[in-house]
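Colleague: Chain by chain, the residues run as shown.
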Amino acid sequence: MRSSVSRLSLWLLLTPFLLWIVLLVLLPHLQMLRVSFQVRESWDTLTWGLQQYQNFFTESYYWRTFVRTGVMSLFTTFLTLIIAFPIAWYIARLARGRSKGILFMACLIPFWASELVRTYGWMILLRESGLFSSWLQALGWVDGPVEMLYNDVAVIIGLVYNGLLFMVVPLVTTLDGMDENLVEAGYDLGGGHGTVLREIVVPWAMPSIVSGCIVVFMLTLGSYLTPVLMGGKDSAWFTEQIFTQFITRFNWEQGAALGVLLLVLSSVIVWLGLKVSGQSLRKVMG
Amino acid sequence: MARSSRSTRKHAVLLSATLATGGFANATAAEELRLITWGGYAPDDVVAQFEEETGIDVQVTLSNNEDMISKLRATGGAGFDLAQPSQDRIVGVQRQFNIYKPIDFSRVDADQLQPAMVKATQDSTELDGKYYGVPSVWGTSGLIVHNSVADVVTDYTDLCDPAVAGEVSYRLKRPTLIGFAFAMGMDPFAAYDNREEYESILAKVEDKLIDCKSNVKTYWTGGDQLLALLRTGEVTAAMAWDAGGWKLNAENPEIRFVAPDSGALGWIDTFAIPRRSENEEAAYKWINFVMQPEIAAKITNESGNFTASKGADEYVKAELRDAYRASFDDSAINNIKWYPPVPPGLETMEGQVLDTVQAAN
Amino acid sequence: MDSDLFCEGLVRRFGSNAAVDHISLDVPAGTFFSILGPSGCGKTTLLRLLAGFDKPDEGDIHIRGQRMNDVPPNRRPVNMVFQHLALFPAMSVGDNIGYGLKRRKVPVAERRKRIAGVLEQVGLPGLEYRDPQELSGGQRQRVALARCLVLEPTLLLLDEPLGALDLKLREQMKVELKHLQKQFGTTFVYITHDQSEAMVMSDQVAVMREGRFDQVAPPEELYREPATPFVAGFVGDNNRLAGELVAIRDNLAEIRLDDGSLVQGRVASGDLETGRRAELYIRPESLVLSGDALSTGFSAMQAKVRTTLFDGANSRVEAENGGQPVYARLPQDGSAPKLSAGSAIRLAWDPVLARVFGADNP
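These protein sequence lines map, in sequence, to chains A, B and C.
Numbers in this note's numbering are just positions in the first sequence, counted from 1, shifted up by 1.
Numbers in this note's numbering are just positions in the second sequence, counted from 1, shifted up by 13.
Numbers in this note's numbering are just positions in the third sequence, counted from 1, shifted up by 640.
Fair warning: there could be bad hints in the mix.
[Stated by the list, open to error] In silico DSS-like cross-links for lysine-lysine, where the CA-CA straight-line distance does not exceed 30 angstroms: (1) B:Lys84 to B:Lys330; (2) C:Lys822 to C:Lys745; (3) B:Lys350 to B:Lys311; (4) A:Lys234 to B:Lys84; (5) B:Lys132 to B:Lys84; (6) C:Lys822 to C:Lys808; (7) B:Lys132 to B:Lys143; (8) C:Lys742 to C:Lys808; (9) B:Lys350 to A:Lys234; (10) A:Lys234 to B:Lys217; (11) B:Lys350 to B:Lys330; (12) A:Lys234 to B:Lys132; (13) B:Lys84 to B:Lys221; (14) A:Lys101 to C:Lys695; (15) B:Lys143 to B:Lys298; (16) B:Lys114 to B:Lys330; (17) B:Lys221 to B:Lys311; (18) C:Lys753 to C:Lys814; (19) B:Lys298 to B:Lys186; (20) A:Lys234 to B:Lys221; (21) A:Lys234 to B:Lys226; (22) B:Lys143 to B:Lys114; (23) A:Lys276 to C:Lys742; (24) B:Lys221 to B:Lys186; (25) B:Lys186 to B:Lys114; (26) C:Lys753 to A:Lys284; (27) B:Lys330 to B:Lys143.
[Said to hold, decoys possible] Output of the computed footprint for chain A on chain B, the stretches with three or more beta carbons under 8 angstroms from beta carbons of chain A: (28) 82-96; (29) 152-165; (30) 281-289; (31) 297-305; (32) 360-374.
Source of the hints: derived by calculation from the structure; they are not laboratory data.
Ideal placement from N, C-alpha and C gives every residue a C-beta, glycine not left out.
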């Protein structure tokens, strides 16, 4: 009797979460999966088929954008890690008291504005008539205006900036919890800076490195505004493809297929990342 | 003291009872108009005036053609009581997704509207003998140029001239394909219903756009982005909407909107009623309200686009009228290419061309 | 014997406070040297100076005659066992021990052999592949030791490594550590706040207080002949009886306690002056419960029983004299009279076993 009551209350507690998962996560994805296997024969008839997936592989533009997006996202994630690690190290282990809080806030503040605003910020800095260009001219390092926007480097700068916080936060948390003695022991037993970093600090921070990388990778892969606004003439991003299919082409079937493929790609890469780093999802997310 | 607290409690009980039971009833009782439209088409003061006069609450959602269609398609024509798609984007969409209901012209105050505009809109929004659109605001796309390059760039294809290399911008969207086709001496509108011919036109445009790619600074994706590019002088010639050009002209006389030699591309934004509109009555009220000359002129002043309302011209800002006249002489007006309805499936063809252009190096 | 560690005039200041205040020490090779002091006395700072994690503001550190001040920790022939051991959690036991060898570029086969060897020596044969987290507290202790000892350091520093163990295991590890030290012949510098650890294991103990050494001596000397009242009070149990110095005779000081009794003890400091306050320290085991009969030369005082504390061989009676608590060891043969709370007893001692310091002497 008592166990059935507690089971009931457990279910009641879980209900909002389950509803959320089912209604907002599971159902839309299943629907998308279903739509992706539909083929439009004419403007009002549909049949089942793999046409959309075939399109993806035969139309080089799709899969090239797909590969490009994947590779650039991986690179962005890696770069974010490289930049975030020293920042996190500084905040977690070197900064004291007030400055620690201030630094942490400094990382957080850009995220009070939307991605759009942040992206426009970078555009103001990088554009031909922008700040960097005029500084370079004022310093006499260049003769004319320099365009730093509308290329892949600009896109990566924007994406790294967007991802930074999501890498710094988990890193700060774990590095903060690391016993100083571990580092000292690393030196004491004869290790140099590189060894201590590689053999002791990185393995310790591994779960948060992996979780940070997963989050940043997913964010980057799924970002839309930054690549669209800062990218060059041929820097297509896969989410842009999906958006175009859904919104401007009214081709929901193709859009859904591309969406499913993106989901598969991100899942596979996350899975590979976990395998390679020897982490489990439970450890990383716990 | 005791009495007042008891009465307060009674009120609280009443209130919560109302909230609990009356939640849904209230939603229908309070008059509401959910409008999905373009930026500038429902200025705050116009909305306020309408709310005051009719007591109807207006919820404005800003959007664009594609977004409007997608939203209405996703709900089967629900969620909004009135939409403002362009005249060429109604019939094909309606046939395919059935998201609008026909206009009851007996409820529209046609005396306020320019008959030619009504006729043009009816022609392009007719399906099975029913009309789906009322004209609202019209405009064109053409070229925005700096005076320094005005001699070089007089048509869309001039954007590919080496003299303006790296200072040019246009969208990777269908108007660009259409504009370039006209400028190359072809008539894409005539080929709308001939798939093969349209494909061959697109193939030529595709080659041209790929050749032209090195000239382009960036493909613009948003109005603000384009205006910033032109304002800073990073871009000196672009294919864009007239209203944007006039706005820049007001800031800097060096920048002008010009109708290209091959003709500006004309569009009419309409009123269309979503199939599952919950307040048609309010929708017609809004149409008749905003098409009054004074109100329509306010919208023109706000958005920079001209209106299908009859007699609104005299209320429009003088600068705007002047800018309009500077851009369009009579021959330019006669040369405007009005978008005919887009047949279904065209967007897919065009989409492939646009993808190929973007992918090309 | 050569000195493995020789320091002179070491000073380390934090702000205006000197955590290590002119410390000099000399540790002969192969000995077990303890630094004993209450928390905050500066012993950890001193140890970190020796390890190289911190630099002295003044003074020199020599290890086997080499000046070490500017040598970074990874180049010093010194290893440290940390208070919480600091075993690398991502590595197996074997990798933990192999870490230092790897840094010295010892080939894999040789490394494996030495890891197995040292594990054997610390009594954990065959545990190379275990995860340190799976081991018991005592086993991890030994892994931490093995990790250092495998490098054959000149000096092994130990920072209260037994603190985290439970009492029984701690007692056992004390003995074990001492044996290991003898077996490896490595010089140990061990810091602790637990006087019993220091006493059991060490060849020499330095008692540290407020950045300085009060006394450096073998454990027994420390116990029997504390040089300062602090050492007398800190090392082992001791009773402190305060009074006024009446006279000094034959190296014996005579004190009038606050309750009026006249007692004697050995002069332990040079600042005794008649008429000034003085303190007499007498250990509980030196106090005898006497009847009326008194051995010749013994001092005695009246006390009132508060309670008895039974603790096997360490059973004591808690009494009070002039408001001050006094502890006396009960005879082990159970011959003690029945002591009820409130009853009066007489406590006597041989003045040679008591030590008298001037009360103003810090």
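Colleague: Take the hints in turn and mark each one as holding or not.
Modeller: Hints, one by one, checked against the model:
no., hint, result
1, B:Lys84 to B:Lys330, "violated, 34 angstroms"
2, C:Lys822 to C:Lys745, "holds, 28 angstroms"
3, B:Lys350 to B:Lys311, "holds, 26 angstroms"
4, A:Lys234 to B:Lys84, "holds, 28 angstroms"
5, B:Lys132 to B:Lys84, "holds, 28 angstroms"
6, C:Lys822 to C:Lys808, "holds, 22 angstroms"
7, B:Lys132 to B:Lys143, "holds, 13 angstroms"
8, C:Lys742 to C:Lys808, "violated, 36 angstroms"
9, B:Lys350 to A:Lys234, "holds, 28 angstroms"
10, A:Lys234 to B:Lys217, "holds, 20 angstroms"
11, B:Lys350 to B:Lys330, "holds, 26 angstroms"
12, A:Lys234 to B:Lys132, "violated, 40 angstroms"
13, B:Lys84 to B:Lys221, "violated, 34 angstroms"
14, A:Lys101 to C:Lys695, "holds, 25 angstroms"
15, B:Lys143 to B:Lys298, "holds, 21 angstroms"
16, B:Lys114 to B:Lys330, "violated, 35 angstroms"
17, B:Lys221 to B:Lys311, "violated, 41 angstroms"
18, C:Lys753 to C:Lys814, "holds, 28 angstroms"
19, B:Lys298 to B:Lys186, "violated, 34 angstroms"
20, A:Lys234 to B:Lys221, "holds, 15 angstroms"
21, A:Lys234 to B:Lys226, "holds, 8 angstroms"
22, B:Lys143 to B:Lys114, "holds, 9 angstroms"
23, A:Lys276 to C:Lys742, "holds, 26 angstroms"
24, B:Lys221 to B:Lys186, "holds, 15 angstroms"
25, B:Lys186 to B:Lys114, "holds, 28 angstroms"
26, C:Lys753 to A:Lys284, "violated, 34 angstroms"
27, B:Lys330 to B:Lys143, "violated, 36 angstroms"
28, 82-96, "holds (count 3)"
29, 152-165, "violated (count 0)"
30, 281-289, "violated (count 0)"
31, 297-305, "violated (count 0)"
32, 360-374, "holds (count 10)"
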